[in-house]
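Colleague: Here's the letter readout for the chains.
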Amino acid sequence: MTTHDDTIAYDAFLTVSAALTGYNAAELQATGCAAEYWHHVQQVLPEDILKKFLSPAPRLGKKDDDKIIRESYLPDRCLGPVARSLIQLWYTGQWVPLPQEWRENYGASRFDVVKIISTRAYKEGLVWDAIGAHPQGAKQQGFGAWSLEPPKQRGQADDRNS
Amino acid sequence: MTSNDTLEKTRGKLCGLLQKALILELSTIPPYATACYSILEQGQYDRSEPTIVNAEPIEVIRQVMVEEMLHMVLVANVLNSIGGHPKLNDPDQLPTYPTKLLDGRGPEVHLRRFTPQQVKSFRLIETAPKDTGPAKKGDYHTIGGFYTYIKQELENACDTFGNDAIFIGDEKRQISNDDYFGAGGEVIEVVGTPKQRRNSAMRAITEIMEEGEGADLGHRAGDKDIIPGPEGREDVAHYFKFNEILHSRYYHPDDAVDEPPTGGDLIVDWSAVSPMQDDPCEGNYARAPEVAAISAEFNTAWTGLLDGLETAFNTDKSALRDLVPTMYIMKSLAQKLMRIPLPDGSGETAGPTWTYLGKA
Chain A
1 MTTHDDTIAY DAFLTVSAAL TGYNAAELQA TGCAAEYWHH VQQVLPEDIL KKFLSPAPRL
61 GKKDDDKIIR ESYLPDRCLG PVARSLIQLW YTGQWVPLPQ EWRENYGASR FDVVKIISTR
121 AYKEGLVWDA IGAHPQGAKQ QGFGAWSLEP PKQRGQADDR NS
Chain B
1 MTSNDTLEKT RGKLCGLLQK ALILELSTIP PYATACYSIL EQGQYDRSEP TIVNAEPIEV
61 IRQVMVEEML HMVLVANVLN SIGGHPKLND PDQLPTYPTK LLDGRGPEVH LRRFTPQQVK
121 SFRLIETAPK DTGPAKKGDY HTIGGFYTYI KQELENACDT FGNDAIFIGD EKRQISNDDY
181 FGAGGEVIEV VGTPKQRRNS AMRAITEIME EGEGADLGHR AGDKDIIPGP EGREDVAHYF
241 KFNEILHSRY YHPDDAVDEP PTGGDLIVDW SAVSPMQDDP CEGNYARAPE VAAISAEFNT
301 AWTGLLDGLE TAFNTDKSAL RDLVPTMYIM KSLAQKLMRI PLPDGSGETA GPTWTYLGKA
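Residue numbers (UniProt numbering), protein chains in the order written: chain A, 1 to 162; chain B, 1 to 360.
So that you can see chain A by itself, here it is in the shape it has in the complex (with noise of 0.2 Å):
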């Protein structure tokens, strides 16, 4: 990511990313997993599609944020199913392969296998954050966290959308 172009294109997919989580884009940077799961993103989309993908960044993380990825991306025979395996790789740092009637309306890349990205991608999966747990085996809370609250839920009293 060295040229003007390649950061442009980042930043979009930090902006899509975000919008697609629900993690604003310095949370997803703070997992420490953004250049790496940008790059494998690169290597299972042909160029045509990541652009298609990156094209309504410009328009998100204003306020339609919810109505551009319903009509845009979900219901979108081609984005549908990236977007969802995005998700998932964010949520769980494991990227799902895309259908098989995706690959053969838009053909199959030797990288799009089920994968756990690294073990940093596990540790950093955003679904520990979501449901206010930690991975197990890793991120150890300490001695008698067990006795304290659980750490504020997402979306509850100071949502930031309200």
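It is worth saying that the hints were derived from the structure and are not from the lab. As the structure is a prediction and not an experimental result, all values here were calculated from the model. Check the hints yourself; a few may be wrong.
[Unchecked claim] With a straight-line Cα cutoff of 35 Å, these simulated DSBU-like cross-link-like pairs (lysine-lysine) come out:
(1) K152(A) / K317(B)
(2) K331(B) / K63(A)
(3) K13(B) / K139(A)
(4) K120(B) / K139(A)
(5) K20(B) / K123(A)
(6) K123(A) / K62(A)
Fit chain B to the given chain A structure using the hints.
Modeller: Relative to chain A, chain B alone:
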């Protein structure tokens, strides 16, 4: 002036010195923790798998850090034993970085990522005074010198007014091993007869000095405490631990204190480090509200930790145990911040500011 006035004046002075010692110990933790957390962490300490990046320097700094926490507890116990009140959440006393330790007499410390330069500055913090003569009279420039002075003043006070007049603190305030989470070693409680309390207080201060710069270990690097790691490895003082990292080599317990370490390899990869900006400050996040939010979350945890310590040392000892999860939360948040590039395009990342948020 009555002798009672003089006694209380002396007590006030001693309490003031110990309070400074408490803040001094506290002040070392953010720089050490920041450097430690900036190391790209791949695994826990495990010699059997040396490919794990930087597991060893992480473990070495972690050991120093938890001993500083133990030192805080020891200082608080001594301060409580002479009738003082440890203060940990007074914004006027808390460090902001960069800071010069010992009211400007000591070395300057910064919040920086893990670099040879930063580890050298840590080594400077833990350097033993060459001659303790001037320190005993109050002319100190190192942490070791400062404790030499405190010890001397406490001895003088006990000799002048008697142990029973000095050790008047409520024994219920003493943190015991049951209250503490066992990190960094055993707690020394200042309890018993006045004579026993005096001895315990001196022992506590001596332990702090030994674990810090290791001045009085008889020219031998090891201090006979066995620590986790390669079989039967003896603990060494902080100065030597930092020296181990810089030399990429462990000390052999019988190594002379003024010679470089000659033990086994300690593998350090200075490049596997997050490019955190030096001395992170809130101002740098003004144009990045999303980063500011995570920074605020960190500072809220830090504030909770300091408030919790204040409670543990002054009113409810059980508060200490609840702080363990807080420390893990802080580690996680610090590491998050150090992965987020700053919006200025410098390529450097954000970092924790260690700002106390309460009672402005």
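Colleague: Against this structure, judge whether each hint is valid.
Modeller: Okay, the hints, checked on the actual structure:
Pair hint K152(A) plus K317(B) holds up; C-alpha atoms about 26 Å apart against a cutoff of 35 Å. Of the pairs offered as hints, the one joining K331(B) and K63(A) holds, with about 33 Å between alpha carbons and a cut-off of 35 Å not exceeded. Note on K13(B) and K139(A): the hinted pairing is violated, with a Cα-Cα distance of about 44 Å set against a maximum of 35 Å. Of the supplied pair hints, the one linking K120(B) and K139(A) holds, its CA atoms being roughly 29 Å apart against a limit of 35 Å.
Straight-line distance between C-alpha atoms of K20(B) and K123(A) comes to about 40 Å, which puts the hinted pair past the 35 Å bound. A distance of roughly 30 Å separates the Cα atoms of K123(A) and K62(A); the hinted pair therefore holds under the 35 Å criterion.
In this structure, the hints that do not hold are numbers 3 and 5, in rising order.
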